[in-house]
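Colleague: Working from the sequences, and respecting the hints, build out all of it.
Residue numbers (my numbering), protein chains in the order written: chain A, 1 to 424; chain B, 1 to 424.
It cannot be assumed that every hint is accurate.
Because identical chains share one entry, a pair is satisfied inside a single copy or across any pair of copies.
Distance condition first, Cα-Cα at most 20 Å in a straight line; then the derived PhoX-like pairs of lysine-lysine [claimed, not checked]:
#1 Lys106 <-> Lys373
#2 Lys106 <-> Lys390
#3 Lys363 <-> Lys272
#4 Lys107 <-> Lys212
#5 Lys254 <-> Lys222
#6 Lys107 <-> Lys390
#7 Lys181 <-> Lys168
#8 Lys168 <-> Lys186
#9 Lys199 <-> Lys264
#10 Lys15 <-> Lys209
#11 Lys373 <-> Lys107
#12 Lys316 <-> Lys209
#13 Lys106 <-> Lys212
Because the hints were derived from the structure by calculation, they are not lab data.
There are 2 protein chains.
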Amino acid sequence: MDYRAMWESLGMDVKTHDLLCEALPGAFGSVYLSQDNRPEGMDYFYSVVAAIHGLRPAELVEHKKNGGKVVGTFCIHVPDEIPIAAGAIATGLCSGSQFWVPGGEKKLPVATCPLIKASLGARFDRTCPFFRLADMFVGENTCDGKKKAWEILAEDAPVHVMDIPQMKRPEDFAHWENELKGYLKKCEELTGNKVTPAKLREAIILVNKKRKALQRLASFRKLDNIPITGKDMLLVTQIAFYDDPARITEQIHKLCDELEERAKNNFSSFPKGTKRILLTGTPLSIPNWKMHHIIETSGGAVVCEEMCTGIRYYEKCVDESGSTIDEMIHNLAQRYMGGIHCACFTPNAERIDDIKRLVKEYKADGVIDLNLKFCNIYDIEGFFVERELKAAGIPVLGIETDYTDQDSEQLKTRVGAFIEMLGN
Amino acid sequence: MDYRAMWESLGMDVKTHDLLCEALPGAFGSVYLSQDNRPEGMDYFYSVVAAIHGLRPAELVEHKKNGGKVVGTFCIHVPDEIPIAAGAIATGLCSGSQFWVPGGEKKLPVATCPLIKASLGARFDRTCPFFRLADMFVGENTCDGKKKAWEILAEDAPVHVMDIPQMKRPEDFAHWENELKGYLKKCEELTGNKVTPAKLREAIILVNKKRKALQRLASFRKLDNIPITGKDMLLVTQIAFYDDPARITEQIHKLCDELEERAKNNFSSFPKGTKRILLTGTPLSIPNWKMHHIIETSGGAVVCEEMCTGIRYYEKCVDESGSTIDEMIHNLAQRYMGGIHCACFTPNAERIDDIKRLVKEYKADGVIDLNLKFCNIYDIEGFFVERELKAAGIPVLGIETDYTDQDSEQLKTRVGAFIEMLGN
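Modeller: Okay, here's the thing in structure tokens:
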């Protein structure tokens, strides 16, 4: 299907965007289609990626034609439940391609993390339909780079900033509840719809269902014979940030049903002796498949991502017990602040506990601590992560990288050596 | 006087510290003693620097012998008034020398700002008496680098973290008032002294007096013939973070009396045609005199620092009208949060208004926007600062540097060209 007319109507720079459209299939093909024995249930996700700037954006266009609104977010601390309860569509906006980085560097310092640069570049270069379709951009004060980047973005787009606390004391939770209430009001204003307790409850259940589906999918990675690659799991997780929640929930369960069969037959997506790697660190936004591809072509299997694009996104559900808006906001605050151990908090020792627990649960042979270049908070926290894992006898490799391919060969060598070192 | 016995008793690494003691006089001499026509009133400040790790630390040792406590701080958002009211001595701890950077890099990523690296290095290497003497280290969540660095520092030193809001809405001021109350309680616990309204009021007046003295000193820089160099003003400001507040107030006024005489005679510390430069950006901790020296040996005079080590430190006084602790805490919060336009806040447009106003008040010919390497918040905000100044017809030069001398020649060339460009 040809989406050019739609892209043009969205005010996109279609000519520049064509370059991305030309490059993506090749990149996707070499990373994904090269895999043997792909589950059939992945077809849906592959088809979504194949038309990533077409299929879903066309649905958003349709939604807007009917008076609906689109809310774009950049962070898993920001609850989708609230815009959904207001009748809006929530979509992730984090950008994972080097394609958008130079556009961001026109206004941001080079010494900014590639995720932030790419996100702003996607907006300013008009080369991403999601960045044209969002009626409200929800920024958050999680890190210095984002906090200040929203000021630049706000000159070109309607930005609402959520002030995430930096600590997790009782007064900080109270502050976050207030921020969520402000967000709810903003979403009501944007959509013109009142968020009723019934609507919010419905949204909480809807998003929890997506989480439970992802939990079910992840559980297969705990098996000795893992019936799905880390790359495929990552792709499903990434798409979960964009796709219709009910539909993707169904598709994930369909995939899980197939994996159930595979599991019965002790089918493994990896050859015997493949080393099990837990990835921790900064998020991997679509189409950032770089590290997974390197690991899984170097004798390793990614069994878990202790990342925003991983466990932190789906491992914990929101308590569904509340009946008033205030109670549900309280439950959302508990989940979206207490339940996420991001390096933006100080202190953040729970993250290290999480990694150690996940290493056991997913039987990881080693951990790769991955840092996007110029991400200060994860970079500094890496000091503790790597020290504590070593102290616990867990092999760990620290890697810093960006969205370019310039370091691929070096990373392959380092990752290969690390995996070899994990022994038998 | 020989302070070696004191340094040893403080558990310092005296041998490594000797290297610093050997280097400092040369550095100080070439930057400061090379100046012609230095005011006699600067002698006090020169003598303080000459024995920076001796004179004042000896006073702190004496204070502690008598049961007193020392509170070390890293940020001008943290009010000295509170520890002073509790009977403690407050001292600045920010470090401005490359000497301490490698020590910080042992635990912090290289891509961290030199101020943070040097501060941690000074503690971990045991080469700064102030870092041995502080009974409480007060960190603050101003930037990602500091926020996460306190976690590392806290493994070796007693750290109290103050959570500075990231925005300036009414609820953020309320949050900051709470943080100040918590700080007051901490200081009471540390010293065993109750902070009474009378004591707090006294401390507010004491610190205001120091501010007023610095304001008086700065006012001479508004004259057409400036009777004091920017380097000397910077040194006085830097020492104000460490010295006894009453004594330095007196010494600054003594210096001002002398400058008064100079002003009457239209004496200028600079040759005719010297260009007036306003510096804005990240702080210049002692002994970081690099940019001032380059500017003032390249045909420029620094007339104002829109910096933490400048205007932001002394331009605004705390309202002295309160009579209860709560009222005074409110006044302190207004001054220490509302009155400081740090790039850690979002948005922070008031800073640009400040720069434009100061350019007029100090009749600056141009602005140098100075960024310490890897300081994200000022780096990103520089986008607005430089754009808005250019739009207002104010020449501006953006410079990024660190504590090393490696870029000195390049900076001299760039600064020299900028000053030449300012014309006649």
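Colleague: Reference check for the pair Lys106 and Lys390, CA-CA at most 20 Å: within, between, both, or neither?
Modeller: Classified as between: cross-chain Cα gap 17 Å, same-chain 40 Å, threshold 20 Å.
Colleague: For the identical chains here, do Lys15 and Lys209 meet the 20 Å Cα criterion within one copy, between copies, both, or neither?
Modeller: Neither: 39 Å inside a copy, 64 Å across copies.
Colleague: When Cα atoms must be at most 20 Å apart, do Lys316 and Lys209 count as within-copy, between-copy, both, or neither?
Modeller: within (11 Å within a copy, 55 Å between copies)
Colleague: One pair to classify: Lys107 and Lys212, alpha carbons no more than 20 Å apart. Within, between, both, or neither?
Modeller: Neither, since 40 Å and 39 Å both go past 20 Å.
Colleague: For Lys254 and Lys222, with the copy left unspecified, which applies at a CA distance of at most 20 Å: within, between, both, or neither?
Modeller: within (19 Å within a copy, 74 Å between copies)
Colleague: 20 Å Cα cut-off: does Lys106 pair with Lys212 within a copy, between copies, both or neither?
Modeller: The answer is neither: 41 Å in one copy and 42 Å across copies each exceed 20 Å.
Colleague: Please work out whether the CA atoms of Lys181 and Lys168 approach to 20 Å or closer within one copy, between two copies, in both situations, or in neither?
Modeller: This pair counts as both: shortest intra-copy Cα distance 18 Å, inter-copy 18 Å.
Colleague: First find the shortest C-alpha distance between Lys106 and Lys373 inside one copy, then the shortest across copies, and answer within, between, both or neither for a cut-off of 20 Å.
Modeller: both (18 Å within a copy, 19 Å between copies)
Colleague: Between the shortest in-copy and the shortest cross-copy C-alpha distance, which are at most 20 Å for Lys363 and Lys272: within, between, both, or neither?
Modeller: Close inside one copy (15 Å), not across copies (75 Å); limit 20 Å.
Colleague: Could you place Lys168 and Lys186 in one of the four classes (within, between, both, neither) given a Cα distance threshold of 20 Å?
Modeller: between (25 Å within a copy, 19 Å between copies)
Colleague: State whether the alpha carbon distance between Lys107 and Lys390 is at most 20 Å within one copy, between copies, both, or neither.
Modeller: between (40 Å within a copy, 15 Å between copies)
Colleague: Can you give me the call for Lys373 and Lys107, within, between, both or neither, at a CA distance of at most 20 Å?
Modeller: both (18 Å within a copy, 17 Å between copies)
The structure shown violates the earlier hints numbered 4, 9, 10, 13.
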